[in-house]
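Asker: Residue numbers (my numbering), protein chains in the order written: chain A, 1 to 276; chain B, 1 to 103.
The hints are simulated quantities; they were obtained by calculation from the structure and are not laboratory data.
It is possible that some hints are incorrect.
Stated by the list, open to error - Now the stretches of chain A that chain B is said to cover, found in silico as 3 or more residues with beta-carbon under 8 Å:
(1) 15-22
(2) 119-127
(3) 187-197
(4) 216-224
(5) 251-264
As the list claims (entries may be wrong) - Keeping only pairs whose Cα atoms sit at most 20 Å apart, straight-line, the calculated SDA-like set for lysine to any residue is:
(6) B:K81 x A:I211
(7) B:K81 x A:R32
(8) B:K43 x A:L169
(9) B:K103 x B:A71
(10) B:K47 x A:G65
(11) B:K81 x A:G65
(12) B:K41 x A:K31
(13) B:K47 x B:K81
(14) B:K103 x B:P69
(15) B:K81 x A:A220
(16) B:K43 x A:A62
(17) B:K28 x B:K81
(18) B:K81 x A:S219
(19) B:K41 x B:L22
(20) B:K25 x B:K41
(21) A:K31 x A:V215
(22) B:K103 x B:S72
(23) B:K103 x B:F20
What the hints assert, rightly or not - Computed far set for chain B versus chain A, every beta-carbon distance over 10 Å:
(24) K28
(25) P31
(26) K47
(27) E54
(28) N62
(29) K65
(30) T68
(31) V74
(32) G78
(33) E90
(34) Q94
(35) R97
Yeah, the Cβ is synthetic: ideal placement off N, Cα and C, and Gly gets one too.
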Amino acid sequence: MLATAIIVFREVLEAALIIGIVLAATRGVVKRGAWVSAGAVAGLAGAGLVALFADVISTAVAGAGQEVFNASILFFAVIMLGWHNVWMGRHGRELAQQMNAMGQAVKEGERPMHMLAVVVGIAVLREGSEVVLFLYGIATAQQDQGGHMLAGGVFGLMSGAAVGLMMYLGLLRISSKYLFRVTSWLITLLAAGMAAQAAGFLVQADLLPAIVPTVWNTSAILSQNSIPGRLLQTLIGYTDHPTGTQLLFYVVTLVSIAWLMRAFGGAPTRKTACVA
Amino acid sequence: MAVFLATTAYPLQAKDLPTFNLSVKDGKFAPEKVEIPAGQKFKLVVKNEGSGTEEFESSDLNREKLITPGASVVIFIGPLKAGTYGFYGEFHPQTARGQIIAK
Numbered sequence: 001m002l003a004t005a006i007i008v009f010r011e012v013l014e015a016a017l018i019i020g021i022v023l024a025a026t027r028g029v030v031k032r033g034a035w036v037s038a039g040a041v042a043g044l045a046g047a048g049l050v051a052l053f054a055d056v057i058s059t060a061v062a063g064a065g066q067e068v069f070n071a072s073i074l075f076f077a078v079i080m081l082g083w084h085n086v087w088m089g090r091h092g093r094e095l096a097q098q099m100n101a102m103g104q105a106v107k108e109g110e111r112p113m114h115m116l117a118v119v120v121g122i123a124v125l126r127e128g129s130e131v132v133l134f135l136y137g138i139a140t141a142q143q144d145q146g147g148h149m150l151a152g153g154v155f156g157l158m159s160g161a162a163v164g165l166m167m168y169l170g171l172l173r174i175s176s177k178y179l180f181r182v183t184s185w186l187i188t189l190l191a192a193g194m195a196a197q198a199a200g201f202l203v204q205a206d207l208l209p210a211i212v213p214t215v216w217n218t219s220a221i222l223s224q225n226s227i228p229g230r231l232l233q234t235l236i237g238y239t240d241h242p243t244g245t246q247l248l249f250y251v252v253t254l255v256s257i258a259w260l261m262r263a264f265g266g267a268p269t270r271k272t273a274c275v276a
Numbered sequence: 001m002a003v004f005l006a007t008t009a010y011p012l013q014a015k016d017l018p019t020f021n022l023s024v025k026d027g028k029f030a031p032e033k034v035e036i037p038a039g040q041k042f043k044l045v046v047k048n049e050g051s052g053t054e055e056f057e058s059s060d061l062n063r064e065k066l067i068t069p070g071a072s073v074v075i076f077i078g079p080l081k082a083g084t085y086g087f088y089g090e091f092h093p094q095t096a097r098g099q100i101i102a103k
């Protein structure tokens, strides 16, 4: 039972952290709960479908289907996160400045919550499909009794959700003055980590060269396989021995989002400040 | 973008690589030790002969790939420096353990 719980926990962790960050980043947004829930439910449905068609996905693209599929949805999530950040750069400070108005766009639900809902959905889909395949595997092999397996799965799920909740509550302790800045950076790092992970899949499938096989190796200090390593992997994209390609994708994503936020994010704020 | 890469880059080098076979069945790899030449890229073909899905995972090698029952997957690895690299089955982490030894 414990083994089941640990495996499920490790899978759930990433999605739970992402949901925690998204909820913190959207504090005060109307209907954000509905958006995030919709994303999670769609992700669960997608996870079932991906698990069901795991064979088909795996054999697609000359056997590189899994890698191409994972890389594609990860890149899509990266674009959604980047887009959201740029949008928030344009409107966020304006919102923070006009507390009374609390942002027309937010009230009218213009804020691109759908992008974050997609990101939540993708996170749930990726991790959820593995949980489904794993639990289905034990259920058919009957190595573990059904009740124990279910209890282990639920315990793992709850533990993962608890970490996500701690992330959320921890972020909420940050003063609202800085919360937007902190969550923007978290989302940028999350996106960079996802881009590096996507690059890793393409290297694995031999669709991209590794450039440098191992840029550094810190697995002896902090293994990405440990729970703290896993947490950092999700949060900032920590990899204990990245390839040159992963590092390149990481840096390019980080710099691009930061640059886009600066280039397209600053202007409306200044305009608003002048008008005010 | 990924699809574009898939169609353009894929046929380049996949063919002539040395191939090593591995099977996994109900939480056990066979063989559990695979010797491969160091400094050379290779293909690892993992066949799942068990009844449940397994995930080939190796943090030493930065690889993870699901293998559904009855299926074989190809994982490109290396070139590796001489040394020992652990891998395991994510769904049976206690029993499904193996090593790639690069010489």
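Asker: Look at each hint and say if it fits the structure.
Answerer: Status of the hints after comparison with the structure:
Note: the region 15-22 of chain A has 0 residues with beta-carbon separation from chain B under 8 Å; the three-residue rule is not met and the coverage is violated. A stretch counts as covered by a chain when three or more of its residues have a beta carbon under 8 Å from one of that chain; for the region 119-127 of chain A and chain B the count is 0, and the coverage is violated. Proximity of the region 187-197 of chain A to chain B, defined as three or more residues with a beta carbon under 8 Å from a beta carbon of that chain, is not established by the 0 residues found. Counting residues of the region 216-224 of chain A whose CB falls under 8 Å from any CB of chain B gives 3; the rule of at least 3 is met.
With 0 residues carrying a beta carbon less than 8 Å from a beta carbon of chain B, the region 251-264 of chain A misses the three-residue requirement, and the given coverage is violated. Taking the CA atoms of K81 (chain B) and I211 (chain A), the gap is about 15 Å. The hint holds against a cut of 20 Å. At roughly 49 Å between alpha-carbon atoms, K81 (chain B) and R32 (chain A) are farther apart than 20 Å, so this suggested pair is violated. About 45 Å separates the Cα atoms of K43 (chain B) and L169 (chain A), which puts this hinted pair outside 20 Å; it is violated.
A threshold of 20 Å between alpha carbons decides the hint, and for K103 (chain B) with A71 (chain B) the separation of about 29 Å lies outside it, so the pair is violated. Our distance criterion of 20 Å between C-alpha atoms is met by K47 (chain B) and G65 (chain A), whose separation comes to about 16 Å. Taking the CA atoms of K81 (chain B) and G65 (chain A), the gap is near 28 Å; set against the 20 Å cutoff, the hint is violated. Between K41 (chain B) and K31 (chain A), the direct Cα distance comes to roughly 51 Å. Violation of the 20 Å bound is thereby established for this hinted pair.
Using a Cα cut-off of 20 Å, the hinted pair K47 (chain B) and K81 (chain B) is violated, with the two alpha carbons roughly 25 Å apart. Simply put, K103 (chain B) and P69 (chain B) have alpha-carbon atoms about 31 Å apart, too far for the 20 Å limit, and the pair is violated. For the hint linking K81 (chain B) to A220 (chain A), the alpha-carbon distance of about 17 Å falls within 20 Å, and the restraint holds. Restraint check for K43 (chain B) and A62 (chain A): the C-alpha separation of about 14 Å stays at or below 20 Å, so the hint holds.
Among the hinted pairs, K28 (chain B) with K81 (chain B) is inconsistent with the structure: their alpha-carbon atoms are about 26 Å apart, more than 20 Å. Distance hint between K81 (chain B) and S219 (chain A) is fulfilled; the C-alpha atoms sit about 16 Å from each other, no more than 20 Å. Distance hint between K41 (chain B) and L22 (chain B) is fulfilled; the C-alpha atoms sit about 17 Å from each other, no more than 20 Å. Only pairs whose Cα atoms come within 20 Å are accepted, and K25 (chain B) paired with K41 (chain B) is rejected, the gap being roughly 26 Å.
With a C-alpha separation of about 44 Å, the suggested pairing of K31 (chain A) with V215 (chain A) is violated against the 20 Å cut-off. For the hint linking K103 (chain B) to S72 (chain B), the alpha-carbon distance of about 25 Å lies beyond 20 Å, and the restraint is violated. A hinted pair counts as satisfied when its Cα atoms are at most 20 Å apart, and K103 (chain B) with F20 (chain B) qualifies at roughly 14 Å. Every C-beta of chain A lies more than 10 Å from that of K28 (chain B), the closest at about 12 Å, which supports listing it as non-interface.
Every C-beta of chain A lies more than 10 Å from that of P31 (chain B), the closest at about 22 Å, which supports listing it as non-interface. Under the 10 Å C-beta cut-off, the non-interface status given to K47 (chain B) relative to chain A holds; the minimum distance is some 12 Å. Not every CB of chain A lies more than 10 Å from the CB of E54 (chain B), the least distance being 7 Å, so the non-interface label is violated. Here N62 (chain B) does not stay apart from chain A, with its beta-carbon only about 6 Å from theirs, under the 10 Å limit.
Against the 10 Å criterion, K65 (chain B) falls within the reach of chain A, whose nearest CB is about 6 Å from its own CB. The claim that T68 (chain B) is not at the interface with chain A is violated, since a C-beta of that chain comes within 10 Å of its own (minimum 5 Å). Chain A draws V74 (chain B) into its interface by the beta-carbon criterion, the shortest separation being 5 Å against a cut-off of 10 Å. Chain A draws G78 (chain B) into its interface by the beta-carbon criterion, the shortest separation being 8 Å against a cut-off of 10 Å.
Some Cβ of chain A comes within 10 Å of the Cβ of E90 (chain B); the nearest lies about 7 Å off, and the non-interface call is violated. Non-interface status of Q94 (chain B) relative to chain A is broken: a Cβ of that chain comes within 10 Å, the nearest being about 7 Å off. At roughly 13 Å from the closest C-beta of chain A, the C-beta of R97 (chain B) stays outside 10 Å, upholding its exclusion from the interface.
Checked against the numbered hints listed earlier, the structure breaks hints 1, 2, 3, 5, 7, 8, 9, 11, 12, 13, 14, 17, 20, 21, 22, 27, 28, 29, 30, 31, 32, 33 and 34; every other hint is satisfied.
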